Amino acid sequence: MKIQGKMFLWLSFFILIMAVVYGVWSKEPVGTTALFLAFGLSVMIGYYLAFTAKRVDEMAQDNLEADVADEAGELGFFSPHSWQPLSLGVGGALAFMGVIFGWWLMYFSAPIILIGLWGWVYEYYRGENANQ
Numbered sequence: 001m002k003i004q005g006k007m008f009l010w011l012s013f014f015i016l017i018m019a020v021v022y023g024v025w026s027k028e029p030v031g032t033t034a035l036f037l038a039f040g041l042s043v044m045i046g047y048y049l050a051f052t053a054k055r056v057d058e059m060a061q062d063n064l065e066a067d068v069a070d071e072a073g074e075l076g077f078f079s080p081h082s083w084q085p086l087s088l089g090v091g092g093a094l095a096f097m098g099v100i101f102g103w104w105l106m107y108f109s110a111p112i113i114l115i116g117l118w119g120w121v122y123e124y125y126r127g128e129n130a131n132q
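Sequential numbering of the sequence shown, starting at 1, is according to this note's numbering.
Warning: the hint list may mix true and false statements.
What the hints assert, rightly or not - Straight-line alpha carbon distances no greater than 25 Å define the calculated DMTMM-like cross-link-like pairs of lysine to aspartate or glutamate that follow:
hint, residue 1, residue 2
1, K54, E65
2, K27, E74
3, K6, E71
4, K6, D67
5, K54, E28
6, K2, E74
7, K6, D70
8, K6, E58
9, K54, D70
10, K54, E74
11, K54, E128
12, K54, E123
13, K6, D57
14, K2, D67
15, K2, E71
16, K2, E58
17, K2, E65
18, K2, D62
19, K6, E65
20, K54, D67
Unchecked claim - Simulated DEER-style distance windows between Cβ atoms:
hint, residue 1, residue 2, range
21, Y107, M18, 43 to 49 Å
22, Y125, E28, 51 to 57 Å
23, M7, L75, 17 to 23 Å
24, M97, A50, 41 to 47 Å
25, P85, L9, 33 to 39 Å
26, Y125, F36, 45 to 51 Å
27, T33, E128, 48 to 54 Å
28, N63, F13, 22 to 28 Å
For the record, the hints were derived by calculation from the structure and aren't laboratory data.
Remember, predicted model here, so these are calculated numbers, not experimental data.
Backbone N, C-alpha and C define an ideal beta-carbon position, used for all residues, glycine too.
Let the hints inform the model, and build the full structure from the sequences given.
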């Protein structure tokens, strides 16, 4: 994690230089503010990664002699199949169409979104995929 912290801190230095150059050159306050906020965010992430790197073991990316396979392992659990994202997508699409065509469409999209969210949260607590 040391290398990621250094990369973000160098990136923040670059963003700061570009923010100053952009601010002086363009005299446009919104873009300059956005660049300074990006600088602050990059500093926060870089500091966190550098601070955390002192407390964790050395990872493969910190070792110059490491192979790609040194970081191999389980990445997490991913659902093999699920119908819940379809429900959330349809409900979200209806909700965004409600902004365009009328807020009354939210009455139809909210139950679809809630059913999809409820089903996704409790997907592995009932039915054939129950494991707890």
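Outcome of the hint check:
Of the pairs offered as hints, the one joining K54 and E65 holds, with about 20 Å between alpha carbons and a cut-off of 25 Å not exceeded. Simply put, K27 and E74 have alpha-carbon atoms about 49 Å apart, too far for the 25 Å limit, and the pair is violated. Using a Cα cut-off of 25 Å, the hinted pair K6 and E71 holds, with the two alpha carbons roughly 20 Å apart. A hinted pair counts as satisfied when its Cα atoms are at most 25 Å apart, and K6 with D67 qualifies at roughly 21 Å.
As the CA atoms of K54 and E28 are separated by approximately 40 Å, the hinted pair breaks the 25 Å bound. Between K2 and E74 the alpha-carbon distance is near 22 Å, which keeps this suggested pair within the 25 Å criterion. Between K6 and D70, the direct Cα distance comes to roughly 21 Å. Compliance with the 25 Å bound is thereby established for this hinted pair. At most 25 Å may separate the alpha-carbon atoms for a hinted pair to count; K6 and E58 meet this at roughly 15 Å.
With a C-alpha separation of about 20 Å, the suggested pairing of K54 with D70 holds against the 25 Å cut-off. At roughly 24 Å between alpha-carbon atoms, K54 and E74 fall within 25 Å of each other, so this suggested pair holds. At roughly 44 Å between alpha-carbon atoms, K54 and E128 are farther apart than 25 Å, so this suggested pair is violated. A C-alpha spacing of about 39 Å is found between K54 and E123, which places the hinted pair above 25 Å, so the restraint is violated.
For the given pair, K6 sits about 17 Å from D57 by alpha-carbon distance, which is consistent with the 25 Å threshold. Distance hint between K2 and D67 is fulfilled; the C-alpha atoms sit about 17 Å from each other, no more than 25 Å. The hinted pair formed by K2 and E71 meets the criterion: a straight-line CA distance of about 15 Å does not exceed 25 Å. With a CA separation close to 9 Å, the supplied pair K2 and E58 stays within the 25 Å bound.
Between K2 and E65 the CA atoms are separated by roughly 15 Å; this keeps the pair inside 25 Å, and the hint holds. About 6 Å separates the Cα atoms of K2 and D62, which keeps this hinted pair within 25 Å; it holds. The straight-line distance between the Cα atoms of K6 and E65 is roughly 19 Å, inside the 25 Å bound, and the hint therefore holds. A threshold of 25 Å between alpha carbons decides the hint, and for K54 with D67 the separation of about 22 Å falls inside it, so the pair holds.
Remark: the range hint 43 to 49 Å for Y107 to M18 is upheld by a beta-carbon distance near 47 Å. Under the hint 51 to 57 Å, the C-beta atoms of Y125 and E28, about 52 Å apart, fit the expected range. Between M7 and L75, the C-beta spacing of about 22 Å keeps the proposed range 17 to 23 Å intact. For M97 and A50, the Cβ-Cβ distance of about 45 Å falls inside the hinted range of 41 to 47 Å, so the restraint holds.
For P85 and L9, the hinted distance range of 33 to 39 Å is satisfied, since their beta carbons lie about 37 Å from each other. Between Y125 and F36, the C-beta spacing of about 46 Å keeps the proposed range 45 to 51 Å intact. Checking the proposed 48 to 54 Å range against T33 and E128 shows it holds: the Cβ atoms sit about 52 Å from each other. With their beta carbons about 25 Å apart, N63 and F13 fall inside the hinted range of 22 to 28 Å.
Comparing the model with each earlier hint shows violations of hints 2, 5, 11 and 12; every other hint is respected.
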